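Engineer: Sequence:
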Amino acid sequence: MTSAAEPRRQRELASLYATVKSLTALGELDQVLQSIVHHAHDLIGTDFTYLSLVGADGRLSARASEGTISAGFLAATIPATVGLGGKVLASKSPHWVRDYATSTLIQHDPDFDRLVVTEELVALLGVPLVVRGEAVGALFAADRSERSFQAEEIALLNAFADHAAVALDNARLYEASRTALRELRVAYRKIERAQAIHEALTGVVLGGGTPADVAQHLADQLGGSVTLLDRAAEIDLAGVVEDARRSGRCAVSVRPDGTTRSVAAVQAGDSYLGALVWRRTAAGLPDDTDLRTLERATHILGLLILKERAVAEAGERLSGELLTELMVGSPGIGPAQRARARARDIDVDGLDLVLVADSPAAPPADLARHLHDIARERAGLAGEHLGRATMILPGAVDEATVTEVHKRLRRTLGAAVIVVGERAGGHDWARAFSLAGRCAAVLRALGHTDVGATTREHALYAMVFDPERAGELERFLAGSIGPLLEYDRRRGTDLVGTLTAYYGHRANVAATARAVHLHVNTLLKRLDRAGTVLGFDWRHENDLELRLGLRLHQLRSAVSSSSAPRRTSR
Numbered sequence: 001m002t003s004a005a006e007p008r009r010q011r012e013l014a015s016l017y018a019t020v021k022s023l024t025a026l027g028e029l030d031q032v033l034q035s036i037v038h039h040a041h042d043l044i045g046t047d048f049t050y051l052s053l054v055g056a057d058g059r060l061s062a063r064a065s066e067g068t069i070s071a072g073f074l075a076a077t078i079p080a081t082v083g084l085g086g087k088v089l090a091s092k093s094p095h096w097v098r099d100y101a102t103s104t105l106i107q108h109d110p111d112f113d114r115l116v117v118t119e120e121l122v123a124l125l126g127v128p129l130v131v132r133g134e135a136v137g138a139l140f141a142a143d144r145s146e147r148s149f150q151a152e153e154i155a156l157l158n159a160f161a162d163h164a165a166v167a168l169d170n171a172r173l174y175e176a177s178r179t180a181l182r183e184l185r186v187a188y189r190k191i192e193r194a195q196a197i198h199e200a201l202t203g204v205v206l207g208g209g210t211p212a213d214v215a216q217h218l219a220d221q222l223g224g225s226v227t228l229l230d231r232a233a234e235i236d237l238a239g240v241v242e243d244a245r246r247s248g249r250c251a252v253s254v255r256p257d258g259t260t261r262s263v264a265a266v267q268a269g270d271s272y273l274g275a276l277v278w279r280r281t282a283a284g285l286p287d288d289t290d291l292r293t294l295e296r297a298t299h300i301l302g303l304l305i306l307k308e309r310a311v312a313e314a315g316e317r318l319s320g321e322l323l324t325e326l327m328v329g330s331p332g333i334g335p336a337q338r339a340r341a342r343a344r345d346i347d348v349d350g351l352d353l354v355l356v357a358d359s360p361a362a363p364p365a366d367l368a369r370h371l372h373d374i375a376r377e378r379a380g381l382a383g384e385h386l387g388r389a390t391m392i393l394p395g396a397v398d399e400a401t402v403t404e405v406h407k408r409l410r411r412t413l414g415a416a417v418i419v420v421g422e423r424a425g426g427h428d429w430a431r432a433f434s435l436a437g438r439c440a441a442v443l444r445a446l447g448h449t450d451v452g453a454t455t456r457e458h459a460l461y462a463m464v465f466d467p468e469r470a471g472e473l474e475r476f477l478a479g480s481i482g483p484l485l486e487y488d489r490r491r492g493t494d495l496v497g498t499l500t501a502y503y504g505h506r507a508n509v510a511a512t513a514r515a516v517h518l519h520v521n522t523l524l525k526r527l528d529r530a531g532t533v534l535g536f537d538w539r540h541e542n543d544l545e546l547r548l549g550l551r552l553h554q555l556r557s558a559v560s561s562s563s564a565p566r567r568t569s570r
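For the sequence shown, full-length UniProt numbering begins at 1 and goes up steadily by one.
These are computed hints drawn from the structure, not numbers from a lab.
None of these values were measured; they are calculated from a predicted model.
Glycine is no exception: its CB is placed at the ideal position from the N, C-alpha and C atoms.
Distance ranges between label pairs, derived from CB positions:
#1 ASP373 - GLU399: 19 to 29 Å
#2 PRO335 - GLU192: 52 to 62 Å
#3 GLY315 - ASP230: 10 to 20 Å
#4 PRO256 - GLU399: 48 to 58 Å
#5 ASP30 - PRO256: 38 to 48 Å
#6 ASP220 - VAL252: 15 to 25 Å
#7 PRO256 - GLU183: 24 to 34 Å
#8 ASP230 - ARG342: 25 to 35 Å
Just need the whole structure built from these sequences, with the hints factored in.
Structural biologist: Structure, rendered in structure tokens:
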């Protein structure tokens, strides 16, 4: 005879089968959790049912419930080691209590005990949710009256929990796969975007674009602004640029105002060519894919900069060679020089102003490189000739041209520089070069370090820097300080140097003695001897001619020492 409990058992198994079947469908994690609780509530028939999971913080929190009355129930969390849930998780087996509030078999949590009162929870059954051998949570069935839970109820809820754990694991895997798919799609779109930018940058280069065009295209695609720094980085970015150079990757800096600056070094082998700086005001750090795009752009820029540099250096070399040929062959222009100048769109007949530049802050080769930039703009020639940075320009107003060139070099170098110009009459560039170079030496000997002028502005010293007037200078020196020069030559003394120092120290005997390292009495004897050699009392008579002679002799010596060809710094 069939037991009365058998039909009920069959109904429970049928309900369990239908419930498990419905749980096999994939869905969002929260939907699956709520579905588990809903079916368990219907299956067990208690006053309320809830499911709790262990979080990353090690606390147990209710994630879904059915039949609860407290709005704060799902917001509550307790340590995973206390309460009935703690016993279920630790043992991975079912546990129940007849009256939760009065039970001494569990460790109570004050916060949960307050919810017990609110929910009027009395009898409580908990079964573990075990996923791959780990208890990840518990399923609870509760009544609001005291009671015992029968073995059939426990087995039913436990069996349900086993299937629910599988559904929970599937939901987590499903959610993880969906997240991975979303991330994959995002990553793929980023890769496509990066590839499109790279192809567009390549197109810019192949289309004859400049480094500035590449930087602008990057700014259009990435947002913000993109700047190409030359080898001298901005002071506040020097550290970031150094980090990028050392690591070979983008270095990111965030300013106090929130502006993010991403820096990638432009390098070719061991040569540092500059840096690419991407500035953006958007919140948060830039995306890694965009940073890699910036790094790849530096490779394109490196090739482009090297190409431009090679073209510029070739142009500079040709310009310097043509300038040297004109200097060596002047006066006059050969057919070959005229043809080469015409090929560079230069009217060689109009090149009538020779400029020489000199600065202790830069070697002649570097100065010549800066002069090339000006020469290209003005259809002129520039180069290094006999160790001096030299340029030949068409110049209608010599003084204005020299002044402008001086200002530009001063601004570019950030240091003092002397620029002297001389007009080349009859294509005699060599003579103009000699006059300008010797005049620059005179200016430096006079104490000038930062000036732009023509030789005409210093015609007072023309006898010193103009070789064609060397005879006049010799005659003047012979008449003014000739006896002193001859006496020093024969006796090995230095009366000329002593008198020069004396006038240089405003006729102050003590200061002069210290300068020439002589005792005052010894100095006075030398000064008296100079008077004897000259044949007049130069300290009490008109000594203007003597002073001029000494000064011109000093300047001639300075010009002579600076006339030797200089070594080029490479």
